[in-house]
Amino acid sequence: AQSVTQPDIHITVSEGASLELRCNYSYGATPYLFWYVQSPGQGLQLLLKYFSGDTLVQGIKGFEAEFKRSQSSFNLRKPSVHWSDAAEYFCAVAFMEYGNKLVFGAGTILRVKS
Amino acid sequence: EPEVTQTPSHQVTQMGQEVILRCVPISNHLYFYWYRQILGQKVEFLVSFYNNEISEKSEIFDDQFSVERPDGSNFTLKIRSTKLEDSAMYFCASSPETYGYTFGSGTRLTVV
Chain A
1 AQSVTQPDIH ITVSEGASLE LRCNYSYGAT PYLFWYVQSP GQGLQLLLKY FSGDTLVQGI
61 KGFEAEFKRS QSSFNLRKPS VHWSDAAEYF CAVAFMEYGN KLVFGAGTIL RVKS
Chain B
115 EPEVTQTPSH QVTQMGQEVI LRCVPISNHL YFYWYRQILG QKVEFLVSFY NNEISEKSEI
175 FDDQFSVERP DGSNFTLKIR STKLEDSAMY FCASSPETYG YTFGSGTRLT VV
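Protein chains in written order, with the numbering used here: chain A, 1 to 114; chain B, 115 to 226.
No lab work stands behind these hints, which were simulated from the structure alone.
Careful: at least some of the hints might be erroneous.
To be clear about the criterion: a stretch of chain A counts as covered by chain B if any three or more of its residues have a C-beta under 8 Å from a C-beta of chain B, and this derived list gives those stretches [said to hold, decoys possible]:
1) 34–45
2) 101–112
Here's a subset of chain B near chain A, in silico, CB distances under 7 Å, partners left out [said to hold, decoys possible]:
3) K156
4) V157
5) F159
6) S162
7) E170
8) Y213
9) F217
10) G218
11) S219
The beta-carbon is built from N, C-alpha and C at its ideal position, and this holds for glycine as well.
Using the sequences and the hints given, assemble the complete structure.
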């Protein structure tokens with residue numbers, strides 16, 4: 001079955017430090033890749049997505065992600081974290097061969113310390 | 115920016131009661147979805163809907179669940195006889211083509 005793995009349940013970084021959140025997905029020749037952010041009690045906000053083309057994609061709020069097909073990964077990065085970035089981050093993948101539903105990872109909770 | 119609107123934001127219901135969760139997708143979108151997130155767990159796909167019929171559903175989406183697009187604007191999820199384990203945040207999403215999802219802010223359903 002299709003699956004998405006976010007190996008880090010919690011990450012704590014200092015404000016101003018760089019951030020990388022990991023995401024790996026199971027087999028799929030044509031993955032469509034997404035990162036969402038969720039603040040407590042709120043909905044899912046799209047940060048960025050990758051369908052094809054340049055494997056480094058830029059998103060909102062200064063986030064970027066890089067698709068590495070050889071590693072089945074789509075890691076999210078930010079060079080300098082702000083306290084307002086504290087939230088839960090979800091990686092999600094749609095596998096074109098398996099319909100158009102999104103498969104979500106378990107999420108990574110980001111804490112930012114001042 | 116266009117939004118997907120979900121109502122109510124919170125719903126408390128007695129076990130065994132029917133509940134209807136409502137969503138207004140973005141007006142020119144063609145694909146509609148329901149997902150749910152049990153507290154502390156990952157977001158799970160329930161059902162997708164296109165051209166007035168279910169295009170895909172998960173194992174969670176059993177006979178207790180149904181979806182409907184009763185008019186040109188609303189998209190509803192009905193749970194016929196709620197169970198305690200149906201307590202979750204339910205998200206509606208819509209997209210203009212296959213992979214351009216926009217999510218609503220969710221309805222928190224509590225079954226007591």
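| request: Report holds or violated for the interface hint on S219 of chain B, using the least CB-CB distance to chain A and a cut-off of 7 Å. | output: 4 Å, holds
| Per-residue hint verdict: F159 of chain B, partner chain A, C-beta under 7 Å | Result: holds, 4 Å to nearest chain A Cβ.
| task | Have a go at the V157 of chain B hint: is there a Cβ in chain A nearer than 7 Å to its own Cβ? | result | With a minimum Cβ separation of about 4 Å from chain A (threshold 7 Å), the hint on V157 of chain B holds.
| Taking 7 Å as the limit, does the beta-carbon of S162 of chain B come near enough to a beta-carbon in chain A? | 6 Å, holds
| Evaluation of the interface hint that places Y213 of chain B against chain A, nearest CB under 7 Å | 5 Å, holds
| field | Supplied contact hint for G218 of chain B, tested at 7 Å Cβ to chain A | value | 6 Å, holds
| request: Answer holds if the nearest beta-carbon of chain A is closer than 7 Å to that of F217 of chain B; otherwise answer violated. | output: Since chain A brings a Cβ to about 4 Å from F217 of chain B, closer than 7 Å, the hint holds.
| message | Can you tell me if the stretch 34–45 of chain A counts as covered by chain B, using C-beta to C-beta distances under 8 Å and a minimum of three residues? | response | It holds, with 7 qualifying residues against the three required.
| task | State whether the coverage of the stretch 101–112 of chain A by chain B holds or is violated, taking the criterion as 3 or more residues with Cβ-Cβ distances under 8 Å. | result | holds (count 7)
| Taking the least C-beta to C-beta distance, is K156 of chain B closer than 7 Å to chain A? | 5 Å, holds
| request: Classify the hint on E170 of chain B as holds or violated, based on whether any CB of chain A lies nearer than 7 Å to its CB. | output: 5 Å, holds
Violated hints: none; the structure is consistent with every hint.
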